[in-house]
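S.K.: So you can see what is in the structure, the chains are spelled out below.
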Amino acid sequence: MEKFDVAVVGGGVMGCSTVLHLSRNQMRTIIIDSGALCREASGTNAGTLTLNMTRAALIPYAIKGWELWNNTEKWLFGGVGTRKVNGLSLAFTEEEEELLFKRVEARQAMGAPIKFISGRKAQLLEPGLNDSVRSAAWCNKDGFTIAYLTGHAFRRALKQENVSVREYSKVNKIEIEKNYFKIIFENNEHLKAKRIVLAGGVWLEEMLNWLNVKIKIKCLINQLIITERMPPVMKTVLSIANGLLSLKQFDNGTVLIGGGWQGIGDKKRGGVESIPENLIGNIRLACHVIPKLRYGRMVRVWLGLEAETADALPIIGKIPGISNAYVIGSVHSGYASGPYMGWLLSQLIMEQEPEMPLFDPNRLINK
Amino acid sequence: MTKIFTNDVKKVDLVVLGAGPAGVAAANVASKEGAEVVIIDENSSAGGQIYRAPPNEFQPQNSFKSDEFREGEKQRNILENSNLTALFKHRVWSVSSDLVVSTVGPNGLSSWHARSLIIANGALERIIPFPGWTIPGVIGLAASTILLKSQYVLPGQSTVVAGCGPLLIAVANGIIKSGGKVSAIIDLNSKSDWIKAFPRLLSRPDQLFKGMSWFANIMKAGIKLYGGHAVTNTKQVDNVLRISIAPINSAGSILDSKNQKIVEGDCLAIGHGLFPSTEITRLLKAKHIYDPLKGGWVPLIDDDFRSSIPGVYIAGDATGISGAFSAVQKGRIAGMAAVRDLNVMSSQKYKAKIKSELIILKKNENFGKAAVRLMKFRPELIQTITSETIVCRCEDVFRSEIDEAIESGARDLNQLKAWTRCGMGPCQGRTCSEAIEAILASKVGSRELAGQWTGRTPLRPVPIEQIIGKYTYEDIPIPENAPL
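Listed in order, the protein sequences are those of chains Y and G. Counting along the first sequence from 1, when you hit position 217 you're at 216 in numbering that gives the first Met the number 0, and nothing is skipped either side. Counting along the second sequence from 1, when you hit position 198 you're at 197 in numbering that gives the first Met the number 0, and nothing is skipped either side.
A few chain Y residues facing chain G, derived, Cβ under 7 Å:
| # | residue |
| --- | --- |
| 1 | A35 |
| 2 | H151 |
| 3 | E227 |
| 4 | L243 |
| 5 | I282 |
Footprint (simulated), chain Y over chain G, 3 or more residues, beta carbon under 8 Å:
| # | region |
| --- | --- |
| 6 | 418 to 432 |
| 7 | 457 to 465 |
Hints were generated in silico from the structure; no laboratory data involved. Every residue, glycine too, gets a C-beta built ideally from N, C-alpha and C.
Please model the complete structure; the sequences and the hints are all you need to start from.
M.R.: Written out as structure tokens, the structure is:
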């Protein structure tokens with residue numbers, strides 16, 4: 000019977016970061032996933048590292064995350080293609096301008112180095128922009144990674160740190176024994192661990208249910224669109240005031256269009272299919288912002304699942320009422336801050352004072 | 000949400016995807032029974048790959064009209080004289096599980112909401128890479144047939160024809176008949192493979208006779224035929240392709256890599272068999288099984304060609320490779336099953352009609368199955384993919400990168416795609432999937448464990464200009480603000 004100090008269930012960026020730090024602190028660890036590492040939200044998101052779309056309350060965490068993604072060689076020993084570029088959030092109408100101004104103020108108050116600039120100035124930073132841009136929020140702590148490389152980098156780091164990696168293994172339930180948690184797989188195999196971390200993204204609600212803890216987790220189905228390689232049409236990360244667009248061009252010339260337009264799917268079936276009307280809307284918006292995009296071809300669309308709690312803030316901390324059990328997830332723009340969030344949780348597990356406050360799940364328990 | 004399609008979604012009883020022999024047969028039978036039918040194809044007219052029509056601009060003179068050309072004309076006439084709506088030059092880019100088919104055509108976007116859907120999108124050509132397969136002058140056997148049959152163009156001045164199956168003989172014969180030169184034929188199959196196929200081929204004596212007459216033409220032309228050989232390398236020296244070949248065993252393993260021979264030509268037409276096209280059924284998340292005798296992955300179907308998705312039927316080679324003749328019966332059965340399930344046709348009538356179809360299907364399928372055996376995938380042929388060989392040619396992914404990713408823990412096809420970009424290019428993996436699946440399967444144990452790529456829209460790359468149409472900023476139905 001294998002016994003671990005910590006078992007992490009859920010092999011996304013949150014779980015991987017947590018387990019990586021724990022293992023570096025001499026804990027015997029295992030990470031478990033029903034599929035392959037970082038193949039859900041952590042590998043299918045847009046890879047945007049922007050503060051312009053980050054929830055104000057999470058700005059300090061996102062800045063730390065941004066720094067980590069820009070220094071992967073120091074802690075991950077391998078890259079995920081991080082690029083540091085300027086970020087712009089745009090306003091095309093008076094209404095959007097007002098909204099943008101308010102949002103910039105709120106983010107500035109939380110420490111984001113964002114400046115409100117004129118449309119003309121924005122065009123100097125991004126010559127590909129539509130002339131009709133009125134104003135923009137500019138942040139130089141912006142950029143992106145190539146999200147689909149995340150699993151590759153983490154897997155190598157975890158192996159190097161002697162973390163046991165158990166992929167394609169679906170956990171059916173967790174039983175609490177005297178000093179251990181018994182993790183039982185679909186095929187009836189099981190293993191034991193002194194502590195557990197639930198890091199199952201949109202499936203956290205069901206996972207917490209194993210321990211009889213009830214927290215509602217909503218599941219968003221975000222559509223993402225990529226173009227064929229095309230000549231350079233833009234060089235910044237772009238969004239619009241209300242947050243419904245994210246746009247960037249990778250080194251290889253492909254342009255990724257996202258922004259949280261919804262497709263069809265649910266927790267059970269995952270992402271099922273895109274909604275053509277939402278694709279068209281999203282692409283129209285992208286082409287409005289960067290007119291030259293219209294000369295490209297749409298080559299692939301996929302769906303990424305995103306978790307959201309009732310108050311749209313994360314749950315990171317001790318699972319209420321159960322000792323030695325922890326949860327991490329539901330972080331808005333969680334990919335960007337993920338490596339930092341994982342480190343914070345590892346501090347708590349190692350009984351240290353976390354560098355920044357965590358997000359107590361207790362507030363969300365359905366009583 | 001505001002509707003932003005240029006045209007509204009039109010409701011119809013049945014949409015048939017693909018106007019090859021299976022699609023035309025399905026659409027025609029369903030329409031005759033009284034169903035409202037739309038058939039959609041990206042080509043400019045019906046016929047599919049096998050009966051592909053020449054461009055309108057140059058119709059062949061009578062003396063150049065082959066049997067296949069005449070059969071194609073027949074099919075095109077069927078459509079012309081029926082009540083069904085035929086949409087050509089329309090690319091289907093999305094099919095949703097509630098059977099909304101989205102197309103982009105000469106007039107922009109249009110979509111159709113089908114009560115039932117028949118997928119008759121045929122087959123793709125498998126090409127197992129080897130060093131030099133991406134250089135100019137190397138083309139597929141299927142591509143060669145398009146040049147010969149529809150464009151009346153020879154693939155080269157002197158062509159080496161290589162690979163396996165009926166296409167090998169058809170292309171060689173086609174080149175000779177058109178006055179071209181075949182410098183050698185490199186056949187994966189040995190003489191004994193052909194002899195084994197013979198009894199089954201007898202189920203269609205007419206076709207067997209045709210094949211044998213093609214063979215006779217090849218022999219008469221004195222073309223050197225290397226049976227049981229594979230192409231292992233191609234280099235361009237001046238304007239000549241220097242093609243290395245080596246003997247293989249029945250699994251495709253190279254027997255004597257030191258004893259390679261060189262053949263020469265200015266064109267290499269090569270193909271390693273056909274496999275069913277699963278891009279739409281994967282998109283719909285239909286159940287699939289891997290069956291080498293059907294050509295590879297096929298959607299699971301019942302006796303009436305229903306897939307695992309309600310309202311979705313599959314016809315023709317998409318159900319498993321068995322050729323154009325059986326495709327007609329497969330199409331007719333699927334078409335009738337669809338209209339029966341829609342209550343347009345009575346069960347009684349269906350039962351009565353289906354009997355004769357099944358008898359013909361069996362005969363034709365026997366012939367087709369023999370052909371499939373000759374095209375059966377040989378797993379060890381992946382030996383020709385050396386580590387410096389490009390496997391995914393859209394994204395320039397080398398075999399060494401695939402091997403490295405597998406070595407570092409990519410165990411399913413989708414993870415392999417994420418780590419190497421193989422299959423991420425404009426062809427959506429249609430060209431490289433067979434080779435990459437086979438490489439991964441050789442490491443993880445089986446094709447089933449290697450899995451399939453998740454189906455994605457768009458089914459074909461779509462020009463963004465066509466998607467967006469004319470619009471103003473106010474026309475964009477921007478969703479509710481994201482939380483601050």
